[in-house]
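> So the protein lines, in turn, are chains B and S. Here this note's numbering is used: the first residue of the first sequence is 1, the next is one more, and so on. Here this note's numbering is used: the first residue of the second sequence is 1, the next is one more, and so on.
It should be emphasised that the hints constitute simulated quantities derived from the structure, not laboratory data. Built from N, CA and C at the ideal position, the CB exists for glycine as well. Careful: at least some of the hints might be erroneous.
[What the hints assert, rightly or not] Taking lysine-lysine and the DSBU-like style, the derived pairs with C-alpha atoms no more than 30 Å apart in a straight line are:
| id | chain 1 | residue 1 | chain 2 | residue 2 |
| --- | --- | --- | --- | --- |
| 1 | S | 255 | S | 164 |
| 2 | B | 191 | B | 176 |
| 3 | B | 191 | B | 113 |
| 4 | B | 11 | S | 107 |
| 5 | B | 113 | S | 299 |
| 6 | S | 107 | S | 299 |
[Stated by the list, open to error] Per label pair, the in silico range of CB-to-CB distance:
| id | chain 1 | residue 1 | chain 2 | residue 2 | range |
| --- | --- | --- | --- | --- | --- |
| 7 | S | 270 | B | 231 | 20 to 30 Å |
| 8 | S | 295 | B | 45 | 50 to 60 Å |
| 9 | B | 61 | S | 109 | 37 to 47 Å |
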Amino acid sequence: MRTRREIRARKALRDRIVYHGIGIGTAFFFLAPFAVSFLASFRPNSESGRPPLPPWPISGLSFDAYRALDSFGAGIWQHMFNSLLVSIGTVVLTVAVSVLAGYGFSRYRFPFKNALFVLIIATLMVPFQSILTPLFIILARLGLNNSLVGLMLVYVTLQLPFSVFMMRNAFDAVPKEIEEAARIDGARDLKLLVRVLLPLVMPGIATVSIFAFLNAWNEFFAALVLLSSNDNYTLPVLMTAVRAGRLGAINWGAVQAGVAVMVVPCLFVFLLLQRYYMRGLMAGAVK
Amino acid sequence: MTTSALTSATRRRRPKRQAGWRGLIYIAPAMALVTLFFVLPVLFTLWMSLHKWPLLGEPAWIGLRNYTRMFTDARFFNALGFTAHYTLIVTIAIFAVAFPLAIFVEKQRPLVSLYRTIVFLPVVVGLASASLLWVWLANVDSGLFAPLFDILGLTSGRINLLAKFDTAFLTIIVMVVWKIAGFTMIILLTGLQAIPAELTEAARIDGAGRWQRFRHLTLPLMRRTMALALILSVTGSILAFDQFYIMTSGGPQNKMISVVYYIFNQSFVSFNLGYGAALSIALLLILVTLSVVQLWLLKVGDERP
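So that you can see chain S by itself, here it is in the shape it has in the complex (with noise of 0.2 Å):
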């Protein structure tokens, strides 16, 4: 009985340990790239953050003087504050656009895959063709709006929409809603398909309106499916630059400053290289909580029937 298992055994890790360093062999591209481009970056950023760190010049150790330094920086916390305030609205707004397109799109009708297409188009367009895109319609003298909401009477005469906030905030929301909306509206189709027909039929002769069915059957159903569509909507939301940086350049009264567009001001317009590697630590942290709490939601949704 021992020997024969002591022979099994021993045949089978011979084969093992060959197929091990093969199966290293084929991953190691992967992970030299993993390595070089991402786990040593990291490093380095925390590691940069505890500098004063010039573009030129040696850089010279300030410890955690970097850190605190963020605390009282007020430019910081405004583009905290701004890029939260983005973050909200931005997403009730794609929620409120991509919730009611799922449910137009869920059943087989005629059509309604070329309706999915047309709206799924903005989609797969970079952020930075469709805000260079949106800037021309929103500027006053050779764009869209200004002129169209002038004819309409909407507006008299054509006002800048970008040189205010409040206009130039909405027109921004309102491209990014154009530009993800189809995105999230096929997130929750897949949560809307999964729900089982039965169910919803059961509820129905059992005499439940339309309202009802939603509020009691389709929501909670979808839990699971609209926690992933709200922290890819959020997470997205907080690392936007392109959009600021293009259509308004910050502005007005550099009142656009989301927190990545602040880090490349920091790093590559000022050049403070180590104070701006803090701020991406700050960055880091926030989205990896951000990640651990996706987590939890999506497990909490799992738990739940």
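Chain B extracted, bound-state conformation (with noise of 0.2 Å):
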């Protein structure tokens, strides 16, 4: 009895350390490239260039590296300035448009309403890089060209189909009654959806935020199309010119710390936001 009770508990044993060896090692794998490029960002200029073994910095901590990333372009403030505007103006125009669109779809009856939402969702299938030229012509045409309003209003554009079926689908859980009550107590159309049903859509409205911004901030291929002068690049335009170097030298430090400025605002984001996160990623799996 007792060394049967023995083998199973070893047995219980082997099974954990099999299992957090393999999650240990996953998770080595899948957190050493930040980490290493991390740690690699605060070596000195003396440093930056050669191999990272080891990646932390050997002769003292240093900022060298964000000094030469603010060396590029309009300074490394403006390019932050400029991701953020862009970022932050998709998540309100975004969360904007999608809450009046899916009050409308879940709460309304009119014509066409079925195919409009359709059509809605249906630009999920045609990619944006297959009409970025008539894009840039357009926005050209309505004075917009080279400039962080109009990727702003293209980024909108792009998380609409997500965000409206989201949102139609928020504010199609909500009970009628509460609606109805509210309306009986004098509370009407626009002052009804901000004062009584938009808290009660919260968890939609931060699950939209949140993807809204990290595709803003994240998005390269458009960005590189649509802006044409420097002082404009949002951040993944302007490493391309860090990437690419100066008179054939590239500055790896100024590499790093452009990866750690890029990355640490995601990372951060979703840590603190992860349970709306998921949710989104399920309601679109599920669908």
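These two chains come separately, so use the hints to put the complex back together.
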């Protein structure tokens, strides 16, 4: 009896060791590139060209890499500001437009309702990479070529299928009785939407916001095509200049610093709002 | 009877008509954006593809000549071939990593949500950031891999991973797997968790081994989820651009030009905007076809139990 229990205990221990062994190995593979690059970005100039073995600074912490990054383009603060402006603008506009549309699709009946909803969702099928040339020309006609506002509007449009779908489902989940009660109390239309319903669909708004932020912050191809002047570059486009180097020499310290500047906000936002991110992912997967 | 039906009909119709306009007002901003930045550009792409359209000067109507040119353009076919090759390999690689990971993180065990989160982290950073990070790691002089492989005795001396097609391709595949596997893992995980526990239990009692259960129970029940993960991976890979542009600049010997990269070169480097539009229409047709196949695949998954 006792030996049997011992064997079982030993097996459980072995299982646990194997499980955590695999877990730690996997975690190492997925974390190491971040860790190596992040540590290496604090090495002084004299070390930044050398292989990261070990990755941490040997002769003291230094911000040389960040200073080098700052010497590209219009300065790192300007480009961070551009990226932030586009991302936050995209979030605000996406939320505003998709809340209105989600509410309209959920609560009202109007001609061609289903056709219009399908049209919005169907835009997912067409890759935006294939319509960039006309976008470039249309934005130029609107006086929005090489403009962060133009880029923002394109990003908002790209977010719409997912966001409108999410917000319509969020409003569908709100019981009609709440709305009727508020209506009797005299709340109507926009007032009803903002005061009564908005707090109830907050989780949906959080999901829409985090996806809009990450996609706008990380987007590279449209920004590369649509922005033409140095001052307007978002971070990913600035980094192509850093990656190209000067006079044939690449400052790898600046590359590491740039990666850190681009990656840290994403990881931060994700870890903070993980629950809402995963909800959105599941909704998309189940759809 | 008839009068009461009539009055109720008119009574119902009235608020409906009023509501009709309200509803349209709410969706108007979304429709305006979709029309201006989506429907119009798609139609415009079609229109442009029928012209010789230089950056400066007047566009000239040339009918279908952009399309006939496409069929004799060897570089376009190279790009198509490379993209297909890349899509196939990277999809297999992602599944080979993501499926075991999904099974690994399926059961509720201590620290399992931490492992899930860590595997998922690279998904939320941009592909451009990931490419930059890995192009440094793969750099022969200042990176990590070349000296590390040298020290570990895997290679004799430092080799330049990005200088040869095979090693550069492998580096990009590993980078993309690192970046995307967590995403596919979560998709597959939702499928795994949807399998009722009683079913697995019943199979176990009936004496089905672990492999048998996987082969005859898990896989068939995962058909729909796998179709979804497969399609997401395939459509994503066909549109690949960032990694080739940032990591290898399309090299070595321009062997890594994907379809989107080729369209980019034609439209925004050579400024053959008309021809670029025709190529875009081809890409669009390929993806719409895939989307239709996707819907069909998911439906097939629905019908079978």
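> Each hint should be assessed against the structure and marked as holding or not.
To see whether the hints hold, each was checked on the structure:
About 10 Å separates the Cα atoms of residue 255 of chain S and residue 164 of chain S, which keeps this hinted pair within 30 Å; it holds. Annotation: proposed proximity of residue 191 of chain B to residue 176 of chain B holds, straight-line Cα distance about 16 Å (limit 30 Å). With a C-alpha separation of about 23 Å, the suggested pair residue 191 of chain B and residue 113 of chain B falls inside the 30 Å cut-off, and the hint holds. For a cut-off of 30 Å, the pair hint linking residue 11 of chain B to residue 107 of chain S stands: about 18 Å separates their Cα positions.
For the given pair, residue 113 of chain B sits about 24 Å from residue 299 of chain S by alpha-carbon distance, which is consistent with the 30 Å threshold. Pair hint residue 107 of chain S plus residue 299 of chain S holds up; C-alpha atoms about 29 Å apart against a cutoff of 30 Å. At about 26 Å, the beta-carbon gap between residue 270 of chain S and residue 231 of chain B stays in the expected band of 20 to 30 Å. Between residue 295 of chain S and residue 45 of chain B the beta carbon distance is about 55 Å. The supplied range of 50 to 60 Å therefore holds.
A beta carbon spacing of about 38 Å between residue 61 of chain B and residue 109 of chain S agrees with the range 37 to 47 Å that was offered as a hint.
Comparing the model with each earlier hint shows no violations; every hint is respected.
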